[in-house]
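All chains, please: the whole structure from these sequences, using the hints.
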Amino acid sequence: MSLPPLAALPAPLLPLAERATALLPAAWPAERTEALRRSCALSDFVHEQAMRDSQLLTELGASGDLERRFAAGELLGQLQALLADCADEDELGRRLRRFRNRQQVRIIWRDLNRQASLAETCGDLSDLADACIDGAYQWLYPRHCEQFGTPIGRRSGQPQHLVILGMGKLGAHELNLSSDIDLIFGYPEGGETEGVKRSLDNQEFFIRLGQRLIKALDAITVEGFVFRVDMRLRPYGSSGALVLSFNALEQYYQDQGRDWERYAMIKARVVGGDQAAGKQLLEMLRPFVYRRYLDFSAIEALRAMKQLIQQEVRRKGMSDNVKLGSGGIREVEFIAQAFQLIHGGRDLSLQQRPLLKVLDTLEGQGYLPAPIIAEMKEGYEFLRYTEHALQAIGDRQTQMLPDNDLDRARVACIMGFADWASFHERLMYWRGRIEWHFRQVIADPDEEEGGEAETCVGGEWLPLWEEALEPDMAERQLAEAGFREPAAALKRLIDLRGGNQVRTMQRLGRERLDAFVPRLLAQAVEHADPDLVLERVLPLVEAVARRSAYLVLLTENPGALQRLMTLCAASPWIAEQITRFPLLLDELLNEGRLFKPPLAPELAAELRERLTRIPEDDLEQQMEALRHFKLAHGLRVAASEIAGTLPLMKVSDYLTWLAEAILDQVLALAWRQTVAKYGNPRRADGSLCDPDFVIVGYGKVGGLELGHGSDLDLVFIHDGDSQAETDGAKPIDGAQFFARLGQRIIHLLTTQTTSGQLYEVDMRLRPSGAAGLLVSSLAAFQRYQENEAWTWEHQALVRARVLAGCSRVAEGFERVRAAILERSRDLPKLQAEVSEMRAKMRDNLGSRETAAGTGENAFDAATSFDLKQDAGGIVDIEFMVQYAALAWSGQHPTLHRYTDNIRILDGLRDVGLLPAADVELLQEAYKAYRSAAHRQALQKQPGKVGGDQFAEERRSVMRLWSELGLN
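Residue numbering for the sequence shown follows the working numbering, beginning at 1255 and increasing consecutively.
Any given hint could turn out to be false.
[Claimed, not checked] Here are the computed lysine to aspartate or glutamate pairs in the EDC-like style, where the Cα-Cα straight-line distance is at most 20 Å: (1) Lys1631 with Asp1614; (2) Lys1451 with Glu1400; (3) Lys2083 with Glu2217.
[Claimed, not checked] Estimated spans, in silico, between C-beta atoms of each pair: (4) Leu1336 with Ser1493: 32 to 38 Å; (5) Lys1850 with Trp1690: 24 to 30 Å; (6) Lys2094 with Ala1741: 49 to 55 Å; (7) Ala1338 with Val1450: 24 to 30 Å; (8) Leu1336 with Lys1931: 51 to 57 Å; (9) Gly1648 with Ala1338: 29 to 35 Å; (10) Arg1730 with Asp1513: 37 to 43 Å; (11) Ser1493 with Gln1760: 25 to 31 Å; (12) Glu1632 with Arg1764: 39 to 45 Å; (13) Gln1334 with Tyr1490: 31 to 37 Å.
Quick caveat, the hints were computed from the structure, so don't treat them as lab data.
All values derive from a computational prediction rather than experimental measurement.
Every residue gets a Cβ at the ideal spot worked out from N, C-alpha and C, and that includes glycine.
Laid out in structure tokens, this is it:
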């Protein structure tokens, strides 16, 4: 929302505004005088501070601080200058409090007079807290060392500093007008102090220093306090040591860290002390906060926390609390942090602190729709402005709505409303909207809209799952529910329950499984084929039994479970993919995204963005990110194909675009790593390559016809100087550099990780095949194609195109390809060579029972037709297209413009080489074959159908084969 409008002061506040008259500095402009009247009417704190310090307003006015934004670091600089000649701790306390009160007046003034936005006010308050914490620490540390010695790390031998973590709103840079500051203290290493007669253990040194720091900030004196300090978020809470070493902190969170501590640690930020060491500490604790897998158990924890808060709110009569009450600030925070805890381990864009930025990311990454995010942001900002209004009155930490008319008039006025009733109506509207959104994300799926729990979903199946029924009764229940083979279904459930994975589960995991399986059965019986659902989903349940957070995901998201069952029933390939890689369950959460894969530019941009968030030296995470990206988008394409939202040609397009996006990033990654090791290779003119290298795709990837599980036929070409050495510390010649670059690319593509491999890679189409160099220079590639390549290699060139790399070398490759394809050829010889190669393929790869589709029994139902290799099938059409491109590209260069069969056939029709009817026949047959092959792949079946299928298409293709002079 925008800044609330300035409202005219209502009558009850006018006497309070008159208090400004006695405080008015000389020669103040009219607009500042009016701002002072407003500030005194709305804030007792501003009035009291101005009364206490007669020079305060004069100095603030003269400095211009009331009307300007402070630059980053400016507050700390001012405080350090103020403390430079501070003599003792009592004086430190006085100066800190006066500094804080002056800045607090400035910040409240700017907030009440609409001179600062919510973000600026929160940022100013957070900067003020940072400055006071670090300024006090930097003053105390050397004096503490004089008294007790300098703490030295036992391992490093280096002086040690305290690391001060700010938690909650301070950590997120969202501090409110009168907030506590939640801190955690740590230090890098154990050891002892040096430089004094009686040394102290480092922990004891920092505990005493921490106590002095807290006193400097928290103690209430005649000047008030600086910030109230809350240390209860530290390990073991109030009963734990005030300060722990990094090792002790890591050990605690690893062994004993609780869910609410993960929630708190999301916003942790170094606010004072040793910044560099603090960064290391946060990196150490990151795995505790953000799990590498989808962690829907976070919702359980947040729900439990919310229930405890609600109990406390009811017990203390705090329903009017705009932070903790229903529809309050905390519920928006819970929504954002639920997504962070669930997805943040894999989606690094969610690993940030400020709530509004997290909400923007949830929208940008597709977790929540834009209208929902817009509404939550506007409601949250309204509540935060309200919170500031409540606290500006008396500089008190309160989120409770006032119960007296004067303060109600103040709050309504601050918020831009004419009266309390209109303000309260708007407040309750926003609280209602936030509560509704909160329920959609956090509420228990077994709860009704009104909040009352109904019978647990699937409860009727619990006795069967817990083996409380006799086998015949269990089978009867399964049969009555629609299972065709109840005995087999029951055996599957018994085998799961008695399997080693389940028997060795921990208690929490077992509870989650017991909650999930009845849900699964309840939804399975709604499906058309519950037997098939159970057969294909139970292996997944067994696979994730020890990682029960996945079970929570499906329990919390009934829609995702329904989509899982539908996809698994439709395709055993999908069922196997999800079972092998359960992280794919994440893709089932967003129905709109699942059935609408992005276009090529969006694919490339999404992958590029994902990889930029990973440190350049973290190869393991980069490889995992690439593999997860491929798996996730492959599933989305398959799901869209099954749902009918993507036709065959688009399926191949998407799978090809996916491969291109991945190859582009793999090349960039391999180039960076190889250059870092050996330096840059050189061109013939001595300039540096950048990268003067291309990846050429042949076959299906070259022809934009990839299927599920297709491998990649690749050729690598460079245009550097093979003899010139690289410019690195370990120079090698260009030929070696590009060979190692090629090896690196293959390694990145084919290495098996926990998420599988990216692609199988076939390099046999390179010059001289397996006996040739892994990477050819462009000149060598041209010589080979001109002088040594076989006709079948020129056929392969018809479907070759550059997938990734340097545009200049790509243009060179296209020139070579065009020159080869446009050659004048002896047509009878070409027909003979193409026919001979096709005959060899049929002999080796075709169906033996039907002589590769040429025997008398080729069209019998009892035989099979190999969609790809048998006569009249896919390869026949591909060979005809390749023959035509080689035969006639010299007269019609447009024939080699495209690499896919459909558009080459269009070209043959357009130049009059094939009749339109024949072209349409070949195209429709080709698409029909490929569609059937895709269906077979999704069913994990070989690419064969009954011999009586596609009879008309096969005969037509065989006829056209003969008419082209091929045999």
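Could you check the hint for me, namely that Gly1648 and Ala1338 are 29 to 35 Å apart, CB to CB?
-> holds, 33 Å
Between Lys1631 and Asp1614, does the CA-CA distance stay at or below 20 Å?
-> Measuring from Cα to Cα gives roughly 9 Å; hence the hint holds.
Does the Cβ pair Arg1730, Asp1513 satisfy 37 to 43 Å?
-> Between Arg1730 and Asp1513, where Cβ atoms are some 42 Å apart, the hint holds.
Assessment of proposed distance window 31 to 37 Å (beta carbons of Gln1334, Tyr1490) | holds, 34 Å
Does the Cβ pair Ser1493, Gln1760 satisfy 25 to 31 Å?
-> holds, 27 Å
Given the hint that Lys2083 pairs with Glu2217, test it: the Cα-Cα distance must not exceed 20 Å.
-> This hinted pair holds, its Cα atoms lying about 16 Å apart.
How does the Cβ-Cβ distance of Leu1336 and Ser1493 compare with 32 to 38 Å: does it lie in that range?
-> Holds, since Leu1336 and Ser1493 (Cβ atoms, about 37 Å apart) stay within the stated range.
Is the distance from the Cβ of Glu1632 to the Cβ of Arg1764 consistent with 39 to 45 Å?
-> The hinted range 39 to 45 Å holds for Glu1632 and Arg1764, with Cβ atoms some 43 Å apart.
With respect to the beta-carbon atoms only, verify the hint that Lys1850 and Trp1690 lie 24 to 30 Å apart.
-> holds, 26 Å
Distance restraint hint 24 to 30 Å, applied to the beta-carbon atoms of Ala1338 and Val1450 | Roughly 26 Å apart at Cβ, these two residues keep to the hinted range, so it holds.
Does 51 to 57 Å hold as the CB distance between Leu1336 and Lys1931, or does it fail?
-> For Lys1931 against Leu1336, whose Cβ atoms are near 52 Å apart, the range 51 to 57 Å holds.
Does the Cβ distance between Lys2094 and Ala1741 fall inside 49 to 55 Å?
-> Given a distance of about 51 Å, which is inside 49 to 55 Å, the answer is holds.
Hint check: no violations occur; every hint is consistent with the structure.
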